[in-house]
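Colleague: Read off the chains here:
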Amino acid sequence: MSERSLVAIPAWNEEDSIADVIDKVRTHQPDVAILVVDDGSTDLTAIRAQESGATVISLPFNVGVGGAMRTAFLFAQREGYQALVQVDADGQHDPADLDRVLGGLSDADIVVGTRFHPDSMYFVGGPRRWAMVLLSKALSFMNKGVISDPTSGFRSAGPRAIALFAVDYPADYLGDTVGSLAIAIRKGLVVRETPVTMYFRQFGRPSKNAVWSALYLGRASLAILATGLKSNRTPRSDVA
Amino acid sequence: MTPNLLAGATAVITFVFVFYLLRRGVLREKYAVLWLFFSGTALFFAIFPGALVWLSATIGVAAPVNLLFFTTVFLLVLVSVQLSYELSRHEMRIRRLAEEVALLQQQIDDLRDRDEHE
Numbered sequence: 045m046s047e048r049s050l051v052a053i054p055a056w057n058e059e060d061s062i063a064d065v066i067d068k069v070r071t072h073q074p075d076v077a078i079l080v081v082d083d084g085s086t087d088l089t090a091i092r093a094q095e096s097g098a099t100v101i102s103l104p105f106n107v108g109v110g111g112a113m114r115t116a117f118l119f120a121q122r123e124g125y126q127a128l129v130q131v132d133a134d135g136q137h138d139p140a141d142l143d144r145v146l147g148g149l150s151d152a153d154i155v156v157g158t159r160f161h162p163d164s165m166y167f168v169g170g171p172r173r174w175a176m177v178l179l180s181k182a183l184s185f186m187n188k189g190v191i192s193d194p195t196s197g198f199r200s201a202g203p204r205a206i207a208l209f210a211v212d213y214p215a216d217y218l219g220d221t222v223g224s225l226a227i228a229i230r231k232g233l234v235v236r237e238t239p240v241t242m243y244f245r246q247f248g249r250p251s252k253n254a255v256w257s258a259l260y261l262g263r264a265s266l267a268i269l270a271t272g273l274k275s276n277r278t279p280r281s282d283v284a
Numbered sequence: 495m496t497p498n499l500l501a502g503a504t505a506v507i508t509f510v511f512v513f514y515l516l517r518r519g520v521l522r523e524k525y526a527v528l529w530l531f532f533s534g535t536a537l538f539f540a541i542f543p544g545a546l547v548w549l550s551a552t553i554g555v556a557a558p559v560n561l562l563f564f565t566t567v568f569l570l571v572l573v574s575v576q577l578s579y580e581l582s583r584h585e586m587r588i589r590r591l592a593e594e595v596a597l598l599q600q601q602i603d604d605l606r607d608r609d610e611h612e
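Chain order of the listed sequences is A and B.
Oh and the first sequence: position 233 is 277 in this note's numbering, straight run, nothing missing.
Oh and the second sequence: position 19 is 513 in this note's numbering, straight run, nothing missing.
Chain A extracted, bound-state conformation:
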């Protein structure tokens, strides 16, 4: 299963945690190829990743998780990988779950690792929680199947999803998580979920602070609405 699989790690200034994440991935999945997309880091992220034996693609400037992931999907498509798993560089995701997230691709195009399940330690509160519930409801309705954690960055993509995301992967805030799922569902791809463990951040600061959380709902709704209203053809200007 994991022979033509690629673990893609988008990383922006994660020199403290990147090597550890790569080592853990290799321990759990010795056969997968590991790609680090260095999203314009100004620290030693790229060098640390190279030292750990990962393939490194360095973007000339910071383009956001969406742009970094599209680069990964382009790479996967051109190199003929059959599966791509996204893992965060800050050590929040447990590589022990890779088996389940990858394995789920046998009957789905996309498998999202959900942090909300009975055994989970993960908790969010306040406006952010309401927003996540609303997003989950909207996407689950579109999908005709439950997606309880649409903002999870721990997810895998099969060949059909790789081909789609290599061309069309949103770069806006929340586009890389919520928006990409909406696009996939609209194109008729099968999206499933599987429970995963969520660790608290090893190093670095969370990418969304309290102020962002308050704006979360509006922006997230906009992301879904924009996808819903978007015409179904591939964006012209965005294609090479």
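To be clear, the hints were calculated from the coordinates, so they are not data collected in a lab.
It is possible that part of the hints are untrue.
Here are the simulated distance ranges between beta carbons [said to hold, decoys possible]:
(1) A/R48 / B/R587: 25 to 35 Å
(2) B/Y514 / A/V177: 51 to 61 Å
(3) A/R204 / B/I507: 50 to 60 Å
(4) B/M586 / A/S265: 17 to 27 Å
(5) A/T86 / B/L581: 17 to 27 Å
(6) A/T86 / B/F531: 42 to 52 Å
(7) A/R230 / B/F542: 50 to 60 Å
(8) B/I541 / A/S265: 27 to 37 Å
Since the model is a prediction, treat every value here as computed from it, not as a measurement.
Idealized CB from N, CA, C, for every residue including glycine.
Given the coordinates of chain A, assemble chain B onto it according to the supplied hints.
Modeller: Using the frame of chain A, we list chain B on its own:
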């Protein structure tokens, strides 16, 4: 007569400035044409204020100056939207290029590595 002189002078300066930018090749034709047209129209009404009065009366706008302001604001909004559109397109294209450059760089490094091992 002074307001008309002011309007006329502004129009002429804009016209000459845009033309200068166009000749130097700094401004692309598709944008230059628009601004030349704007300043040309403004110059026309500065020279013949009667035309504006006549036009307002024909359309049914009580104060000619309102017609002027309305049209100007409307056209400027159109231009802003067009510029936002162009900007979005360029951001997308630059991002795309950055992705391609990064992928190419990785391929070059890969080939170089292979070369050294041989």
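Colleague: Could you check the hint for me, namely that A/T86 and B/F531 are 42 to 52 Å apart, CB to CB?
Modeller: The hint (42 to 52 Å, Cβ to Cβ) holds, given that A/T86 and B/F531 are roughly 46 Å apart.
Colleague: State, for the Cβ atoms of A/R204 and B/I507, whether the hinted interval 50 to 60 Å holds or is violated.
Modeller: Given range 50 to 60 Å: holds, Cβ gap about 59 Å.
Colleague: Given the hint of 51 to 61 Å, is the C-beta distance from B/Y514 to A/V177 inside that range or not?
Modeller: holds (59 Å)
Colleague: Is 27 to 37 Å a correct range for the gap between the Cβ atoms of B/I541 and A/S265?
Modeller: violated (52 Å)
Colleague: Does the beta carbon distance between A/R230 and B/F542 stay inside 50 to 60 Å, or does it fall outside?
Modeller: holds (55 Å)
Colleague: Indicate whether the distance between the beta carbons of B/M586 and A/S265 respects the range 17 to 27 Å.
Modeller: About 23 Å separates the Cβ atoms of B/M586 and A/S265, which means 17 to 27 Å holds.
Colleague: With respect to the beta-carbon atoms only, verify the hint that A/T86 and B/L581 lie 17 to 27 Å apart.
Modeller: Holds: the Cβ-Cβ distance is about 26 Å, inside 17 to 27 Å.
Colleague: Using the C-beta atoms of A/R48 and B/R587, is the stated range 25 to 35 Å upheld?
Modeller: For B/R587 against A/R48, whose Cβ atoms are near 31 Å apart, the range 25 to 35 Å holds.
Hint violations for this structure: number 8 only, all remaining hints satisfied.
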